[in-house]
Amino acid sequence: MASYLTRALNGDEAVAFAVKQCNVDVVSAYPITPQTIIVERISEYVANGEVHTEYVNVESEHSALSVCIGASAAGARVFTATSSQGLALMWELLYIASGLRLPIVMAVVNRALSAPINIHCDHGDSIGARDAGWIQFYVENPQEAYDTIIQAFKIAEDHSVLLPVMVNLDGFFVSHTLEPVKVLPDEVVSNYVGFRSNVKVYVPYLGKEVHAVLDGITPISLGIIALSDYYYEFKMKVIKAMESAKEVIKKVNDEFKELSGRSYGDGLITQYGVEDADVVLVAMGSAAGTIRYVARELRRKGLKVGALKLRCFRPFPTDELIKTLRGVKAVGIMDRALTSGGYGGPLFMEFRSLFYDLDEGPEMINYIYGIGGRDLRPSDVVNIYHELLDVAKGREVSKVKYIGVRM
Amino acid sequence: MSLKFHELPEVPTTIKLSTEVKTGSWRTFKPVIDQGKCVKCLICWIYCPEGCIVWDGSKVLVNYDYCKGCGICAHECPVKAVTMVTEGG
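Read top to bottom, the protein sequences are chains A and B.
For the first sequence, the residue numbers in my numbering are 51 to 457.
For the second sequence, the residue numbers in my numbering are 178 to 266.
So that you can see chain A by itself, here it is in the shape it has in the complex (with noise of 0.2 Å):
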């Protein structure tokens, strides 16, 4: 394990202070709050030359993932970050990216979407990118945050994945939070990540096997047009690689266990509690710290309940959630995103939908909470536990629960 030093760092230096050691050759990026920080940390360590970055300035997100994604396509190492609105301008590109399979990586502040304008954290503006063919995983904290950007780069670039990744912080609650941050040495990191190898693509006209890059020696086009003939087929690929992404997760979170001695569970999923509880809430991000508080609190108090923190959300680990939760009597979904119009939230759907085969599976209610920001506050998470362990018992509830509105 390698030697460390503990830094004070909020959420969005701890990005930065993880981009700076991973060898990243071109950032763009538009500043957004709550992601400003990410971006004036980076451009003052291109500014004082402490890394080789080369940092493009651009007018807006559409250009600057655009600038991503014409670096990733000639080879580079990449990386970006938006919140909110700048997300919602990046939309068509981020199906770009994917689609050309380039391991870019981003960091989403999650902010709610306008009307009416707000800059607090919701996930709305990632769920909404649910489909768009990128690995999504939300983060609890700084330390995490930190840790999460220099596996993205491993994950991203793994060869049998090739997709880029959003890492996702909680907007204010995440990337404003001062904590301490255990940081590696940036050889460390630095050796850790090494260089990005690209994939080679056989061209018959050459007879040969070229990098699937951008350059003038062995021009190649990437993204040419596939229709009703090809299309399918480049994107059953994309799904290919979601799925063998999970394995790769998982790898990686092994790796960076011997490395820093800090793991996520298996890398998709942490759980806490879960083994023998009766109950357990489902959260990402920081409400993921703050149901595993309450629940140890309860379980001092003799309650069987759990707490699983959802690390990534695509791939969705299906049999991960199944072997974890099948013996479980009722399962709270904990939803930060609005679906209007749906039934429960997004991640509720999920997991209904995953479930809805076994014979005996668990019961599941949906709470919709921290919408704009809101807070969820621990007294909050006491009630619904003590509502699901009813649920368990049998009592009937509505299954869509919207926590904290004023109605």
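Since the hints were made in silico from the structure, they are not lab data.
Glycine included, C-beta positions come from ideal geometry on N, C-alpha and C.
Hints are supplied without guarantee of correctness; some may be wrong.
Claimed, not checked - In silico DSS-like links for lysine-lysine, alpha-carbon gap of 25 Å or less:
1) Lys-181(B) with Lys-258(A)
2) Lys-199(B) with Lys-258(A)
3) Lys-181(B) with Lys-290(A)
4) Lys-193(B) with Lys-285(A)
5) Lys-257(B) with Lys-236(B)
6) Lys-250(A) with Lys-193(B)
7) Lys-181(B) with Lys-287(A)
Unchecked claim - Okay, the calculated beta carbon distance ranges per label pair:
8) Gly-391(A) with Leu-180(B): 40 to 46 Å
9) Lys-258(A) with Ser-179(B): 22 to 28 Å
10) Gly-120(A) with Thr-260(B): 35 to 41 Å
11) Gly-265(B) with Tyr-252(A): 36 to 42 Å
12) Ile-220(B) with Tyr-255(A): 33 to 39 Å
13) Pro-226(B) with Ser-403(A): 46 to 52 Å
Since the structure of chain A is already known, use the hints to place chain B on it.
Frame of chain A, contents of chain B only:
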């Protein structure tokens, strides 16, 4: 040709080099340089969006394999040395 899933490259790329695709066949008008009028200023070389103006060491030429016939060179030439001629005409 209908390649199967496993025969396709992992990255959606062409299976031949871009240089093999002779985009000059798209052309309707062809730029013809009057070497007598040409003053070798190479303004056409600066403006050509396709990189099809070639300096061979003594005169300015056009790479007709990739020139799409947009006519920008003819428009920009300060001495009107480039004429756009109908292809096959």
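Starting from Lys-250(A), check that the Cα of Lys-193(B) is at most 25 Å away, please.
holds (13 Å)
Take the C-beta atom of Ile-220(B) and the C-beta atom of Tyr-255(A), compute their distance, and say whether it sits inside 33 to 39 Å.
holds (35 Å)
Pair hint outcome, Lys-181(B) versus Lys-290(A) [Cα-Cα no greater than 25 Å]
holds (15 Å)
Ser-179(B) and Lys-258(A) - C-beta distance against the hinted 22 to 28 Å:
The hint (22 to 28 Å, Cβ to Cβ) holds, given that Lys-258(A) and Ser-179(B) are roughly 24 Å apart.
Against the range 36 to 42 Å, how does the distance between the Cβ atoms of Gly-265(B) and Tyr-252(A) compare: consistent or not?
holds (37 Å)
For the hint 35 to 41 Å, verify it against the beta carbon of Gly-120(A) and that of Thr-260(B).
holds (36 Å)
Run the distance test for Lys-199(B) versus Lys-258(A): straight-line Cα separation, threshold 25 Å.
holds (21 Å)
For a C-alpha distance cap of 25 Å, please report whether Lys-193(B) and Lys-285(A) respect it.
Measuring from Cα to Cα gives roughly 21 Å; hence the hint holds.
Could you grab the alpha-carbon distance between Lys-181(B) and Lys-287(A) and see if it respects the 25 Å cut-off?
holds (12 Å)
Given the hint of 40 to 46 Å, check if Gly-391(A) and Leu-180(B) actually sit that far apart at their C-beta atoms.
holds (41 Å)
Pairwise beta carbon distance, Pro-226(B) to Ser-403(A), judged against the given window 46 to 52 Å
holds (50 Å)
Distance restraint between Lys-257(B) and Lys-236(B), which requires alpha-carbon spacing of 25 Å or less:
holds (16 Å)
Checked against the numbered hints above, the structure violates none of them.
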